[in-house]
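*Asks:* The lines below spell out each chain.
There are 2 protein chains.
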Amino acid sequence: MGENRMMSLGALVAARDAGKAAPELMVALSRDAIARKDASIRAFSHVAADPAVSFDGPLAGIAIGVKDIFDSFDQPTSYGSSAYAGHRPLADAAIVDLARRQGATIIGKTATTEFAFFHPAETVNPHNRAHTPGGSSSGSAAAVAAGMIPAAIGTQTGGSVIRPAAFCGVAGYKPSFRLLPATGMKHFAPSLDTVGLFAASVSDVALFASLLTGRDLTLEQVDAAQIRVGLYRCAELGSADPDMQDALSAAADRAADAGFDVGEIEEPATLTEARQAHVIIQDHEAGLACGPDLARFRDQLSPRLVEVIERGQAISPQAYDEARRLAKRGRAAARLLFGEVDILLSPSAPGSAPHGLESTGDPRFNKLWTLMGGPTVNIPGFTSEQGLPLGIQAIARFGRDRQLLSVAAALEPLFANSQQHQGSV
Amino acid sequence: MGENRMMSLGALVAARDAGKAAPELMVALSRDAIARKDASIRAFSHVAADPAVSFDGPLAGIAIGVKDIFDSFDQPTSYGSSAYAGHRPLADAAIVDLARRQGATIIGKTATTEFAFFHPAETVNPHNRAHTPGGSSSGSAAAVAAGMIPAAIGTQTGGSVIRPAAFCGVAGYKPSFRLLPATGMKHFAPSLDTVGLFAASVSDVALFASLLTGRDLTLEQVDAAQIRVGLYRCAELGSADPDMQDALSAAADRAADAGFDVGEIEEPATLTEARQAHVIIQDHEAGLACGPDLARFRDQLSPRLVEVIERGQAISPQAYDEARRLAKRGRAAARLLFGEVDILLSPSAPGSAPHGLESTGDPRFNKLWTLMGGPTVNIPGFTSEQGLPLGIQAIARFGRDRQLLSVAAALEPLFANSQQHQGSV
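Respectively, the protein sequence lines represent chains A and B.
Sequential numbering from 1 applies to the first sequence in this note's numbering.
Sequential numbering from 1 applies to the second sequence in this note's numbering.
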């Protein structure tokens, strides 16, 4: 795993600000790493030939990868589909423009599953190339995990940030809905499509979010005794792999040992119902948002994508409205729940990255929280018996992003079995 | 005004279903009307050369105009900006695809202000060509008003459906947020951008919404005595033109005479505060969503658009979050308000269409209701001293679209000073 030594955004920024690393050198470091590693990882769908390096802005010298579900005017944008091969949008997506304005270098587009749904990209898991990196933000997670770039941008509609972050052993952050702008992404289900971020560690991803948005998401001091942490008990827990169940128990134990106020939280029935609403909302919206692609490019879409679009178009507006009502009731229940607890802990995925590249894994532990719209973060650190990363998902109330990141950063060193996932320049 | 005799969607659909009008003939009727009238009205930015006519689907034979803020793969899409002149998107917007799937013929793209903001299109008001048609959905409203097409699609971020509908004397319907899909539109402020519809009368626009979406939005029987109608009193009312103030009073009086339970509703302070939040939310989101255009096409944007994008980029995330909190409190207050009243009546605009084409008028009576996310409809019928249309805006609780349309359709004949606005084939 030595070759996968990750790049820490915090270390790079500190080196730059201390005058020890010039922006063009920092970008060159990523260019070199991509040249050496990406032939085997295949995290990038396109690498910029001669990317502009900025010397101004809080992200000057930071080479980032952008999931190829976002438009970029200077690099081809294919949304993971042959239907859009070589497509050149006229303008950037909003998040790409924002990153450039903050000084970041868009070093390449990272591989996505087809339209950010399930048909896999070519990317492999840097921890074991016979395993999936997860999806749909496959390339963003793998590029950070393989130590090619310090930060990347992705999206989550079901579990497409948290799951690949977990499988690749990096920090993934799905912010509160609309904290990051989605304009200029290829939408799948617009009321669920959430822009998210990847970096080597939780503190790195919090720094990335702060520098990108100008929001104060820097880590605050955590008084563990004042933080109520709930191990979230839902029916899906029983279907998690044994080593994931062990990791979750260990996470709760280590948090308690560190002084956090740890308890167990049973899933309210309203949230169980809301979880069922996710697929109806997602598919109905996909039937509308991807209907134009079905009409134009049917033969170039995967059978599974065609099936979901057609299924979505067959869902009645009445069923969709009922699902939205369930989601709304769920959000009210979540607000109540977060009166009792500050942070929930749950698996990021049923286990470590599955063997094979045909499937990107299962979002069953993520969908509810995407629908609820509050922030979640994947905390890396645990490993499976096979030595693959196991991610713990921390969840907070809508708008409590700073508290979530601060607590997750405090938990992260407690979860690390070894130092192998700690990043450095 | 005889030349402006409008096409009624209901009459066309009835004639088709009775076998008295074939779809290709109905589309030819619109093609002919456009050929005769649009040189002087300039409602269309592009007219399809040989548009496909469908013989299946509930909208078969219905020629519709689509605001040129929506992507269409077979017609140029310019978003009202020279920066996108001749742009050919690879796929349709979701609403365009949906309309095609229901059998509609996309007969042309209707003129929009630049990026659906304020810089005007070339369209004139069919009731008096020296006056603005309103905006930003200028062409959609004018094309229906001039009797060129029976129905059109537009968008509203501030007042861009209700205001042009009012100025042009047609029915305009801004549905509950997300009732119609926005994917594939050029976004300005995504949390406000709402897709809306135009037709000759309220019953026509309700029929259009039903046939387009498969929702049951057909008019239901209204028991006037059971419907609480509130004349909405806000500070802006004092700034409305005298003839608009008279029209609003007359609207309330006629509703009371017809047996509706009419009263006055004072604006709650929370809603006054929420109204102030609209511009902060809109501008901040425009700074993000249109940032890529500022970066790429600055010299091709109007000074006013450049100014709003830059102003938006200078609004802090903290100020944006605070504005979102005000909006959220406003939505809670609106829910309470709609416990006391079913339908609110308010001006659709401060008066009739202003003279001149430099300004598209003022959205001060619309912005709050766009932010609240519930349905609104412009009820035509009243006229100013100059003989120009004066629109009354009816407003309902989120999700109560069918009740709103039903009540508005019952009020519409009461508001009509004459029969000049009643459509027929």
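Bear in mind the hints are in silico, worked out from the structure with no lab data behind them.
For glycine and all other residues, C-beta sits at the position ideal for the given N, C-alpha and C.
Incorrect hints may appear among the rest.
[What the hints assert, rightly or not] Non-contacting residues of chain A with respect to chain B, defined by C-beta distances greater than 12 Å in every case (computed):
#1 Arg5
#2 Arg16
#3 His87
#4 Leu90
#5 Leu180
#6 Ser191
#7 Asp193
#8 Arg254
#9 Glu307
[To be verified] In silico contact screen, one side only, chain A against chain B (beta carbon under 10 Å); selected entries:
#10 Asp97
#11 Pro190
#12 Asp223
#13 Ala224
#14 Gln313
*Asks:* Next, verify each hint and record whether it holds.
*Replies:* Taking the hints in turn, this is what the structure says about them:
1. Arg5: At roughly 33 Å from the nearest Cβ of chain B, Arg5 (chain A) sits farther out than 12 Å, so the non-interface label holds.
2. Arg16: holds, 24 Å
3. His87: His87 (chain A) not clear of chain B: closest Cβ-Cβ about 6 Å, inside 12 Å.
4. Leu90: violated, 6 Å
5. Leu180: violated, 9 Å
6. Ser191: It is violated; Ser191 (chain A) is separated from chain B by about 6 Å at its closest Cβ, not greater than 12 Å.
7. Asp193: Asp193 (chain A) is in fact no farther than 12 Å from some Cβ atom of chain B, at 10 Å.
8. Arg254: Arg254 (chain A) is indeed farther than 12 Å from all Cβ atoms of chain B, at 33 Å.
9. Glu307: holds, 17 Å
10. Asp97: holds, 4 Å
11. Pro190: holds, 6 Å
12. Asp223: violated, 24 Å
13. Ala224: violated, 27 Å
14. Gln313: Cβ of Gln313 (chain A) sits 8 Å from chain B, so the hint holds.
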